[in-house]
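**Q** Protein sequences, first through last, are from chains R and H.
The first sequence runs 2 to 364 under the numbering used here.
The second sequence runs 2 to 364 under the numbering used here.
Simulated from the structure, these hints should not be mistaken for lab results.
Be aware that one or more of the hints could be misleading.
The list treats identical chains as interchangeable, and a pair is accepted whether it falls inside one copy or across any two copies.
Claimed, not checked - With a straight-line Cα cutoff of 25 Å, these simulated SDA-like cross-link-like pairs (lysine to any residue) come out:
(1) Lys231 - Arg12
(2) Lys131 - Pro259
(3) Lys108 - Tyr43
(4) Lys131 - Lys231
(5) Lys231 - Thr11
(6) Lys24 - Asp124
(7) Lys108 - Ile125
(8) Lys231 - Asn320
(9) Lys158 - Arg362
(10) Lys131 - Ala254
(11) Lys108 - Ser82
(12) Lys108 - Ala230
(13) Lys287 - Asp222
(14) Lys108 - Ile195
(15) Lys90 - Gly110
(16) Lys90 - Ala196
(17) Lys228 - Asp309
(18) Lys231 - Arg303
(19) Lys231 - Asn330
(20) Lys90 - Gly170
(21) Lys228 - Val14
(22) Lys228 - Ser82
(23) Lys265 - Val14
(24) Lys265 - Asn9
(25) Lys24 - Ile160
(26) Lys158 - Asp292
(27) Lys265 - Gly44
(28) Lys158 - Gln285
(29) Lys228 - Tyr107
(30) Lys131 - Gly332
Protein chains: 2
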Amino acid sequence: MSDLPPINFTRGVPAVESFPADKIIDASQAVLREHASIILQYGSAYGLRLLREWLASWHSVAVESVLCSNGSLNLIEFICSLLLHSENKTVFVEAPTYDRAVTRLYKHGAEIVSIPLQDDGPDIEILDAKLQQHQPSFFYTIPDFQNPAGTTCSHEKRIRLIELARQHGYIYLEDSPYRPLRYWGVEQPSLFEIAPDVVVQMSSFSKLIGPGTRMGYILGDVDLLAKVAKVAEDTYITPSLLSHGIVYEFCRAGHLQPQIDRLKTLYRPRLEAALASLDEHLPQAKFVRPDGGFFLSITLPRGVTTMDVRAHASRVNLNLADGRAFFVNGGGERFLRLPYCALTPEQIRVGISRLAEIVRRLQ
Amino acid sequence: MSDLPPINFTRGVPAVESFPADKIIDASQAVLREHASIILQYGSAYGLRLLREWLASWHSVAVESVLCSNGSLNLIEFICSLLLHSENKTVFVEAPTYDRAVTRLYKHGAEIVSIPLQDDGPDIEILDAKLQQHQPSFFYTIPDFQNPAGTTCSHEKRIRLIELARQHGYIYLEDSPYRPLRYWGVEQPSLFEIAPDVVVQMSSFSKLIGPGTRMGYILGDVDLLAKVAKVAEDTYITPSLLSHGIVYEFCRAGHLQPQIDRLKTLYRPRLEAALASLDEHLPQAKFVRPDGGFFLSITLPRGVTTMDVRAHASRVNLNLADGRAFFVNGGGERFLRLPYCALTPEQIRVGISRLAEIVRRLQ
Chain R
2 MSDLPPINFT RGVPAVESFP ADKIIDASQA VLREHASIIL QYGSAYGLRL LREWLASWHS
62 VAVESVLCSN GSLNLIEFIC SLLLHSENKT VFVEAPTYDR AVTRLYKHGA EIVSIPLQDD
122 GPDIEILDAK LQQHQPSFFY TIPDFQNPAG TTCSHEKRIR LIELARQHGY IYLEDSPYRP
182 LRYWGVEQPS LFEIAPDVVV QMSSFSKLIG PGTRMGYILG DVDLLAKVAK VAEDTYITPS
242 LLSHGIVYEF CRAGHLQPQI DRLKTLYRPR LEAALASLDE HLPQAKFVRP DGGFFLSITL
302 PRGVTTMDVR AHASRVNLNL ADGRAFFVNG GGERFLRLPY CALTPEQIRV GISRLAEIVR
362 RLQ
Chain H
2 MSDLPPINFT RGVPAVESFP ADKIIDASQA VLREHASIIL QYGSAYGLRL LREWLASWHS
62 VAVESVLCSN GSLNLIEFIC SLLLHSENKT VFVEAPTYDR AVTRLYKHGA EIVSIPLQDD
122 GPDIEILDAK LQQHQPSFFY TIPDFQNPAG TTCSHEKRIR LIELARQHGY IYLEDSPYRP
182 LRYWGVEQPS LFEIAPDVVV QMSSFSKLIG PGTRMGYILG DVDLLAKVAK VAEDTYITPS
242 LLSHGIVYEF CRAGHLQPQI DRLKTLYRPR LEAALASLDE HLPQAKFVRP DGGFFLSITL
302 PRGVTTMDVR AHASRVNLNL ADGRAFFVNG GGERFLRLPY CALTPEQIRV GISRLAEIVR
362 RLQ
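Please construct the entire structure, taking both the sequences and the accompanying hints into account.
**A** Shown next as structure tokens:
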């Protein structure tokens, strides 16, 4: 065993030093003083009304278009329960895509078709061709700072994606937990903002406040959300209103935007350190240059596999995730996801230099 | 429309005045000061370790035998996912039983066999006969202060139930959220305490602290719980650790037992008022005399249906639940569940006298 300090490029977890503990203490006191009889009781399966109203205002939608859950993965479960009950079990995803979403889709018997992801979003030519062969029930997509790739969908492609959905009669399940964390460049409208008629948008406060709050939410068509609420009620009666209340008060008190600004200040130098280290040490690899979020990804040079690199890396306490888990229909042998947010710039530099050393030896 | 003040004998919700808001404020401050980096982060699908350790000590089991979730209904979902995937989809329940559990069972394609409930627990003769015809995967039972009936299973029947499980090779899913709320009489050992090898026990703090915490938990076999944890992780990654943390600190600080004592002091007079009113106004109905919990139930006199009573009752702002929802294989036409905890003794007296008046008119 190596006695080098371990460096984990494995899970997409926030930095512990990012948690706004003091503000959460204030929020929990204030909301319990004001609303204990609501947040300690059973309530609506839509989640805490006060939080839904706040989110409705933040996103400029009607309150009936907002449903809050226990984390956003659970929402994928509910959407699958609703949309994959019919005969059409075809779901499109990006390749690569978020592995936990795929597990949910398979659990509901989805037949998954993957659309290769390019640096500016899904490969439209291949999507077009696949749509000649398949009629998806929905397309699960992460347009902003994609997990695991780090790419952001261009404005042109967003418009084209919407046209294709309208033409072929399917909807997008747009997953946007990283969207507010843009470190540079120009924000694109979300798919939901462009076309709320064919998009359901999910998001979460896991990356903005802390995963332990399990505050996921969904924006979408009022009738669809009423059905989601019924599935949610049958599953857990009411989501955690105590958590919802604390998150609500945190937002109401005006802490969310300063917290997002703090996160950008904390994470931006980490992404910069990662990109500079890759430029310096691994110029022979192809890597994505994200504009925000939690992840960047590398395609290793030809002849070098992630499996080989992982085996060598673990001997120097550099922990990496298997790239193949992100590819549903095969591939990913040379794919490497680097979650950089929970590491200091120094750890990132050391980790990437260890990685580069291994790659060089394997080439 | 009547202008009488409404009286709701509908849902089993706790009294708002029972919520220990001040202690929850203290607990949320203390736990966030001490453990923010754990409870705001991702963590184990088993739930917060600190809370599991506390519960393990409370129940005298190993910490590996405790899993905490978001409310206990969700745990029924996980158990169904695990146990009803095989060819054997037969599940036994009591008649009547908790309607939300039934919804979960049906969602997983269960073939449900109901065993009539007597004042001292399931009808053992019928259970014996049904076990000649069916091999259940599990038997969902609420031995203490049953929802909706209010009955408690006798010690003799508990022993017999365990014998039958061992003989026929099935397990019990024992649902015990009301168990600590005994207002009089002698506590019986839980099925899990008698035979942890053939019992998985669920419980919740919804009725002890507040439903908004969504803190349900399960005690059981270490290997089974490892599988439950995998299903939980695939569903929501981590339960709400923020909620778990607050509940943990509330318990650690010694607030749980005084809170349970407070609840007994609050609810016992409500049950007494209900029983006295029924004795006085509805002696012609058969009703259960519970020793604790949230519910009592009435079988209306012959010729009077719950449906008719409900229709008349709603005109005098007395709101009652349909009894048939609690009976899976038919029946319940004269069954009425009275949740008494969220009503004052005065409201209970007024409500039962309105009810008695309607029954008399319909007889």
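**Q** For every hint, state whether the structure bears it out.
**A** Structure-based check of all given hints:
Proximity of Lys231 and Arg12 under a CA criterion of 25 Å is satisfied inter-copy only: 17 Å between copies versus 32 Å inside one chain copy. In this homomeric assembly, Lys131 and Pro259 never come within 25 Å of each other (Cα to Cα): the closest approach is 43 Å inside a single copy and 63 Å across copies. For the identical chains of this complex, Lys108 and Tyr43 are inter-copy neighbours only, at 23 Å across copies versus 29 Å inside a copy, given an alpha-carbon limit of 25 Å. Taking the shortest alpha-carbon separations for Lys131 and Lys231, neither the intra-copy value of 33 Å nor the inter-copy value of 33 Å comes in at or below 25 Å.
For a Cα distance limit of 25 Å, the shortest separation of Lys231 from Thr11 across copies, 19 Å, qualifies, whereas the shortest one inside one copy, 36 Å, does not. In the homo-oligomer, the alpha carbons of Lys24 and Asp124 never lie at most 25 Å apart, since the shortest distance is 43 Å inside one protomer and 55 Å across protomers. With identical chains, the CA atoms of Lys108 and Ile125 are never at most 25 Å apart, being 28 Å at best within one copy and 38 Å at best between copies. In the homo-oligomer, the alpha carbons of Lys231 and Asn320 lie at most 25 Å apart only across protomers (22 Å), although the nearest pairing inside one protomer, at 41 Å, exceeds that limit.
For the identical chains of this complex, Lys158 and Arg362 are neighbours neither inside a copy (39 Å) nor across copies (70 Å), given an alpha-carbon limit of 25 Å. Taking identical chains as interchangeable, the C-alpha atoms of Lys131 and Ala254 are never at most 25 Å apart, the minima being 47 Å within one chain and 59 Å between chains. Taking CA atoms no more than 25 Å apart as the test, Lys108 paired with Ser82 passes in both settings, with 10 Å inside one copy and 10 Å between copies. In the homo-oligomer, the alpha carbons of Lys108 and Ala230 lie at most 25 Å apart both inside one protomer (20 Å) and across protomers (16 Å), since each shortest distance falls under that limit.
For the identical chains of this complex, Lys287 and Asp222 are neighbours neither inside a copy (40 Å) nor across copies (48 Å), given an alpha-carbon limit of 25 Å. Taking the shortest alpha-carbon separations for Lys108 and Ile195, neither the intra-copy value of 31 Å nor the inter-copy value of 36 Å comes in at or below 25 Å. Taking the shortest Cα distances, Lys90 and Gly110 sit within 25 Å of each other both inside one copy (7 Å) and across copies (19 Å). Proximity of Lys90 and Ala196 under a CA criterion of 25 Å is satisfied intra-copy only: 23 Å inside one chain copy versus 43 Å between copies.
Taking the shortest Cα distances, Lys228 and Asp309 never come within 25 Å of each other, neither inside one copy (47 Å) nor across copies (31 Å). In this assembly of identical chains, Lys231 and Arg303 lie within 25 Å of each other by CA distance neither inside one copy nor across copies; the values are 50 Å within and 36 Å between. For the homomeric pair Lys231 and Asn330, the shortest alpha-carbon distance between copies (23 Å) is at most 25 Å, but the shortest distance inside one copy (33 Å) is not. For the homomeric pair Lys90 and Gly170, the shortest alpha-carbon distance inside one copy (14 Å) is at most 25 Å, but the shortest distance between copies (37 Å) is not.
In this assembly of identical chains, the alpha carbons of Lys228 and Val14 lie at most 25 Å apart only when taken from different copies (24 Å versus 31 Å within one copy). When the C-alpha separation of Lys228 and Ser82 is checked against a cutoff of 25 Å, the pair qualifies both within a copy, at 10 Å, and between copies, at 22 Å. In this homomeric assembly, Lys265 and Val14 come within 25 Å of each other (Cα to Cα) only inside a single copy, at 15 Å, whereas the closest approach across copies is 43 Å. In this assembly of identical chains, the alpha carbons of Lys265 and Asn9 lie at most 25 Å apart only when taken from the same copy (21 Å versus 50 Å across copies).
Taking the shortest Cα distances, Lys24 and Ile160 never come within 25 Å of each other, neither inside one copy (39 Å) nor across copies (52 Å). Taking identical chains as interchangeable, the C-alpha atoms of Lys158 and Asp292 lie at most 25 Å apart only when both belong to the same chain, with a minimum of 17 Å there against 65 Å between chains. Taking the closest pair of Cα atoms, Lys265 and Gly44 come within 25 Å of each other only across two copies (24 Å); inside a single copy the shortest separation is 35 Å, beyond that limit. Taking identical chains as interchangeable, the C-alpha atoms of Lys158 and Gln285 are never at most 25 Å apart, the minima being 29 Å within one chain and 73 Å between chains.
In this assembly of identical chains, the alpha carbons of Lys228 and Tyr107 lie at most 25 Å apart whether taken from the same copy (21 Å) or from different copies (18 Å). Taking CA atoms no more than 25 Å apart as the test, Lys131 paired with Gly332 passes inside one copy only; the shortest distance there is 18 Å, against 52 Å between copies.
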